[in-house]
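The numbering of the sequence shown is the working numbering, which starts it at 104 and goes up by one.
Source of the hints: derived by calculation from the structure; they are not laboratory data.
Bear in mind the structure is a predicted one, so any value in this text is a computation, not a measurement.
We treat Cβ as the ideally placed atom computed from N, Cα and C, and that holds for glycine.
Worth double-checking, as some hints may not be accurate.
Restraint-style ranges between C-beta atoms, simulated for each label pair [unchecked claim]:
no.: 1; residue 1: N195; residue 2: V150; range: 53 to 61 Å
no.: 2; residue 1: A111; residue 2: K155; range: 31 to 39 Å
no.: 3; residue 1: V143; residue 2: V123; range: 15 to 23 Å
no.: 4; residue 1: L159; residue 2: I184; range: 21 to 29 Å
no.: 5; residue 1: H182; residue 2: L159; range: 29 to 37 Å
no.: 6; residue 1: A111; residue 2: E137; range: 39 to 47 Å
no.: 7; residue 1: I116; residue 2: V192; range: 49 to 57 Å
no.: 8; residue 1: I142; residue 2: W105; range: 32 to 40 Å
no.: 9; residue 1: T189; residue 2: F128; range: 55 to 63 Å
Below, a list of computed lysine to any residue pairs in the SDA-like style, where the Cα atoms sit at most 25 Å apart [claimed, not checked]:
no.: 10; residue 1: K160; residue 2: K118
no.: 11; residue 1: K155; residue 2: E137
no.: 12; residue 1: K155; residue 2: L121
no.: 13; residue 1: K160; residue 2: V139
no.: 14; residue 1: K155; residue 2: N185
no.: 15; residue 1: K118; residue 2: I145
no.: 16; residue 1: K160; residue 2: I106
no.: 17; residue 1: K118; residue 2: V139
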Amino acid sequence: MWILLESATLQIITKFILLVSACAFSNSQYVVLEWVTPIVGITFNSVTVRVKLQSLKETGMQMQSANNPVQTIGSMPLHCININITKEVENNLEDLRRTPDSSI
C-alpha cells in the first residue's frame, strides 16, 4: 500500500508544480513538463522493483548469487552471452593507383 501511495504522491506533486507554473504563465512550466515523462517511468519501475523485493522478503527467498543466472521480475532468467565481433577489410590498392583516362 505504501508503495502506491509514495508513487502517487510523487506524481501529484509533479503535476501540481506543472499546474502552478502553467497558471502563472511562467517559462518554468517547460522545464517541469520535461520532468513528467521520466518521473512516470521512475515511479513505475520503483513500484515494480519494490513489489518484487517485497514478495521475496515475504517468501523468505534470497537474491541469487553471481554464479547463477539473475532472475528478472518476469519469469525469464537472464543468461550471460558471449558476443564476438570480427571486422574484415579488403584493400584494393591497384584500383586506387589507376587513374581514369581523361579525354576531352
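Inset, instruction - Return the numbers of the hints above that this structure violates; sort them in rising order. - result: Hints 2, 5, 6, 8, 10, 11, 12, 13 and 14 not satisfied by this model.
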